[in-house]
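Numbering (my numbering) for the sequence shown: 297 to 600.
Just to be clear, a hint being listed does not mean it is correct.
[Claimed, not checked] BS3-like cross-link-like pairs, simulated, lysine-lysine; straight-line CA separation at most 30 Å:
(1) Lys-528 - Lys-489
(2) Lys-423 - Lys-402
(3) Lys-556 - Lys-437
(4) Lys-556 - Lys-535
(5) Lys-423 - Lys-528
[To be verified] Here are the simulated distance ranges between beta carbons:
(6) Met-370 - Ile-560: 40 to 50 Å
(7) Ser-436 - Ile-479: 13 to 23 Å
(8) Thr-474 - Pro-408: 37 to 47 Å
(9) Thr-438 - Asp-536: 27 to 37 Å
(10) Lys-452 - Asn-421: 21 to 31 Å
(11) Ser-379 - Asn-553: 18 to 28 Å
Please keep in mind that the hints were generated in silico from the structure rather than gathered at the bench.
This one's a predicted model, so the numbers in the text were calculated from it and none came from an experiment.
Positions of the beta carbon are idealized from the N, C-alpha and C atoms, including for glycine.
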Amino acid sequence: MLFNYSEFKVNIKIFWKLSFLLENFHIFESLSTLVNAKLCKDMKFGGLKVGNFPKTVKRTFLACFTKLNKKADMKTILIYDGSFAGFLTAVYQVFDQNLKDVCVVKPRHYTPDMFAEGKIVQTSNLKAKKVWHSLQLKISKTAANELYKVFLSEIKGTEDALLRYIVHAYSAETFSHTDHSNIYVLRVHQVSKMVDRELQRIKDTMVLDESKHDIGVGVVHSNFDVLPLLGKYFSRVYKDKKWVVYDKKRNYGLYYNLTKITQIELDQLQHVQELNSLDLGNSDTPIHMKSQSVLYNNRIGANC
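With the hints as extra help, turn the sequences into a complete structure.
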């Protein structure tokens with residue numbers, strides 16, 4: 297087959313103009329059609345890879361692919377470890393790298409996408425603190441605390457809503473967390489109120505059960521990760537006694553030893569009925585419960 301170079305140049309110009317109307321890797325399908333129809337007739341597009349095209353043509357097409365792929369606006373998916381510090385680090389990365397089309401997800405929610413680039417976020421406490429202090433100055437401490445409550449709600453898509461909220465806060469000339477005309481500001485306010493109601497119900501309903509070693513033990517079963525918000529409350533109400541409060545769903549708890557609150561992991565506990573002892577790490581003697589702890593069931597946000 298004779299190769300018509302002048303026709304090839306014309307077709308490349310046509311393809312170059314059309315390519316900007318195409319999305320990401322859809323250019324391959326269009327290019328294949330163009331090459332088959334104008335240059336190779338019955339020759340398959342696979343010939344470009346196996347070397348059936350002249351070297352000049354092959355280099356030209358590969359150069360087109362490289363340039364187009366660099367110009368294509370690929371979506372970025374930031375995968376963080378699920379911690380609040382990890383999320384704030386992801387926010388830092390968004391602004392530092394000037395990422396536009398981006399979303400933030402936990403590893404269990406990540407789905408590989410051929411049209412998106414996944415990046416692992418390495419949690420940095422230093423970067424997280426910078427973002428947190430900056431947020432407190434920009435949107436106020438009250439609004440920053442609302443963001444934290446919304447993060448603890450663990451509602452799917454929360455990270456993206458928080459990210460859009462933060463981007464809006466820094467891009468707006470004037471920002472107020474009480475201005476609910478913005479959809480993300482409104483959503484953050486609504487979810488924050490849901491978490492507040494959850495906290496109040498737990499405070500009003502939950503009591504600590506006395507263990508054999510005179511340590512109060514309570515169980516929280518909630519759709520929201522509220523334990524980080526309950527620590528100060530219980531340390532104030534039960535400041536003169538040791539206690540353990542654990543989250544059955546998330547399998548971790550808080551231990552108060554009269555001086556400080558420590559997070560403890562309870563992987564060995566599957567059901568409240570099987571709870572015979574708690575290993576508190578620094579304690580020499582396990583705690584034996586005399587009865588089943590109070591189980592607080594929450595239904596708020598179950599359909600979110």
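Do the hints match the structure? See the list:
no.	hint	result
1	Lys-528 - Lys-489	holds, 19 Å
2	Lys-423 - Lys-402	holds, 19 Å
3	Lys-556 - Lys-437	holds, 24 Å
4	Lys-556 - Lys-535	holds, 10 Å
5	Lys-423 - Lys-528	holds, 26 Å
6	Met-370 - Ile-560: 40 to 50 Å	holds, 42 Å
7	Ser-436 - Ile-479: 13 to 23 Å	holds, 20 Å
8	Thr-474 - Pro-408: 37 to 47 Å	holds, 40 Å
9	Thr-438 - Asp-536: 27 to 37 Å	holds, 31 Å
10	Lys-452 - Asn-421: 21 to 31 Å	holds, 26 Å
11	Ser-379 - Asn-553: 18 to 28 Å	holds, 24 Å
The structure fails none of the hints (numbered hints given earlier).
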